Amino acid sequence: MAQMTMIQAITDALRTELKNDENVLVFGEDVGQNGGVFRATDGLQAEFGEERVFDTPLAESGIGGLAIGLGLQGFRPVPEIQFFGFVYEVMDSISGQMARMRYRSGGVHHSPITVRAPFGGGVHTPELHADSLEGLIAQQPGIKVVIPSTPHDAKGLLISSIRDNDPVVFLEHMKLYRSFRGEVPEGEYTIELGKADVKREGTDVTLIAYGAMVHASLKAAEELAENGVNAEVIDLRTVSPLDIETIIESVKKTNRAVVVQEAQRQAGIAANVVAEIQERAILHLEAPVLRVAAPDTVYAFSEAEEVWLPNHKDIVEKVNSVMNF
Amino acid sequence: MKHVLESVESQFEMFQILNEDGKIVNEKDVPDLSDEQLKELMRRMVYTRVLDQRSIALNRQGRLGFYAPTAGQEASQLGSQFALEQEDFLLPGYRDVPQLIWQGLPLYQAFLFSRGHFHGNQMPEGVHAVSPQIIIGAQYVQAAGVALGMKKRGKKNVAVTYTGDGGTSQGDFYEGINFAGAYKAPAIFFVQNNRFAISVPVEKQTNAKTLAQKAVAAGIEGIQVDGMDVLAVYAVTKHARERAVNGEGPMLIETMTYRYGPHTMAGDDPTRYRTEDLDNEWEKKDPLVRFRKYLEAKNLWSEEEENKVIEEAKEEIKQAIKQADQYPKQKVTDLMANMYEELPYNLQEQMEEYKEKESK
Ligand SMILES: Cc1ncc(C[n+]2csc(CCOP(=O)(O)OP(=O)(O)O)c2C)c(N)n1
Ligand SMILES: [Mg+2]
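Chains A and B, in that order, give the protein sequences.
Quick note on numbering: the first sequence equals residues 1 to 325 in full-length UniProt numbering.
Quick note on numbering: the second sequence equals residues 1 to 360 in full-length UniProt numbering.
Among the clues, some could well be false.
[Claimed, not checked] Mimicking EDC-like on lysine to aspartate or glutamate, the simulated pairs with C-alpha atoms at most 16 Å apart in a straight line are:
1) LYS357/B / ASP197/A
2) LYS357/B / GLU305/A
3) LYS331/B / GLU303/B
4) LYS331/B / ASP296/A
5) LYS293/B / GLU303/B
No lab work stands behind these hints: they were computed from the structure.
Given the structure is predicted, the values throughout are model-derived calculations rather than measurements.
Starting from the given sequences, assemble the full structure and let the hints guide the process.
Laid out in structure tokens, this is it:
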């Protein structure tokens, strides 16, 4: 096993699938010779040639449409959107078109596409480069939304996403790209989509998170443990569709839950998780299910970012109010 | 069946007035500028070059945030801005901060923009502009709207917008020029063709031989101009402006230029996609060198004068960064206050919560 950063694990997954399946194509703005602005595709064009790994003209809607068309020709496209804040430019291709391809054609066609994109905040990017828009995509039936929190998960989930015959939006938190290394098995392995992972077992309260907030939740859990509160941390890994079984099972055990997202509070993934819990397990709850989220403004530009982004202290505070309800 | 591509493309030639040696090659199109105006153009280009160097240094020291270098593009940026009137409306891209500054945005606000502070986006009275656009192409469609609005109001002004070679691939680019064409709206659309969109060379961006020719499909005038020649850029802009305010419709102007520096200061490494030979080839066309030669031959410019401008610029930049440092830091509650005219319940609650957090 090798120690890798998340970005290296992603490159490794792309390489694995480019080798495995000649129908896999990797493309986007600056992904060729430059290897992507975050270097996720570093060296792939040199290794697999410009036929398989290539730059596109600068147009996200073009990239989305190209992916759909290549999918219709039997390819397995893995386009990159340079920053997920630019997804609005390709919303029709993603939510209006690829998500509906199977339905519209009555199963004759499908869109075996994995749209990769960096997202999230905390790395001092300019306006519209940091965003958590997973909730926007999760509202669209017909598409899966996958968000890894570790290098190990990133590789396995990306391979599964590429092999999936339905469209997947695969979101990579920018802050996790290089912030730590983790064990990553060599060669191919998959992690089932739609399956959450219990990252820490506990008995008193369930923290449900994804992406960078998994790490904030784990940190909060450490702090809570010092005060005698034993938190379970669930990493959703796929935010649409949800792994409802793992969530409900845990809540039935702990009787308390806090849902954590980096995205703004209004609408979004956390609201959906809270709704599912109360519809399915209200009689098991000792306290209302609370949310930790960012405030309802646009993502803060670099200066106010630190106060704006939710952190482990906010989580501890919310857990305390759930415990003392 | 008649194929027209080749003949259409061959019509597009680069418009030039001053060659690389600072010699006039096109006497009849030399713009009517006074000696003072010529010197002012030079002063602005020198000043902006210093500003670029200082901005890069300040960014490396962590004192600026987002910054897209401008060296190499001075003639394209400042020659065009120089032809505008104060009441014209500017819709710049992220690299076009110099145009805003010369249109009247105080330097310290430009620095705050770089730091992501909203005050950097608050145009002062008399500066008719929106802050630099981050979403490539978005400014083009909006320019069509501003121009149509001006036409409806009977104003004798133009909407002026800028994008890059990469930007011409966006749907918004085509929509913008087509809408403005359909309404004969007074807009000037600039494409600053610096040959690269981050790492992607313009040859991979499109099969079109020129970017100016994209005007043809929209039914508007298009012209390619030497973007390292400040007189040519000025003359073309002046002409486009006159046509537009006379109701003759919008124009697309492709300026042939080059950015000497990295794409932005956020980790771009041009050696991954550009050769030193190409850099050298373009530095020979430098807009400052060429214009300096021209002015020196006319006895309008000297080394002392240039040094004076450089010192002035350095001093003003120093003052401006100080002023930016002294400006109150942006807070989350500032963001909240700017989301709606009237705060909805959720933001009212969060406002209280964050006021408390910020007071700690
Ligand atoms: C919609 C959108 N897509 C992608 C980007 C990321 N991006 C920023 S600048 C750039 C290249 C732009 O090239 P060009 O239009 O030639 O302008 P230049 O930077 O050369 O001035 C890209 C891809 C963006 N800001 N907005
Ligand atoms: Mg360019």
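Each hint, compared with the structure:
1. LYS357/B / ASP197/A: violated (33 Å)
2. LYS357/B / GLU305/A: holds (13 Å)
3. LYS331/B / GLU303/B: Judged against 16 Å, a Cα distance of about 46 Å means the pair is violated.
4. LYS331/B / ASP296/A: OK: LYS331/B and ASP296/A at ~14 Å, within 16 Å.
5. LYS293/B / GLU303/B: holds (11 Å)
In terms of the numbered hints stated before, the structure departs from hints 1 and 3, listed from lowest to highest.
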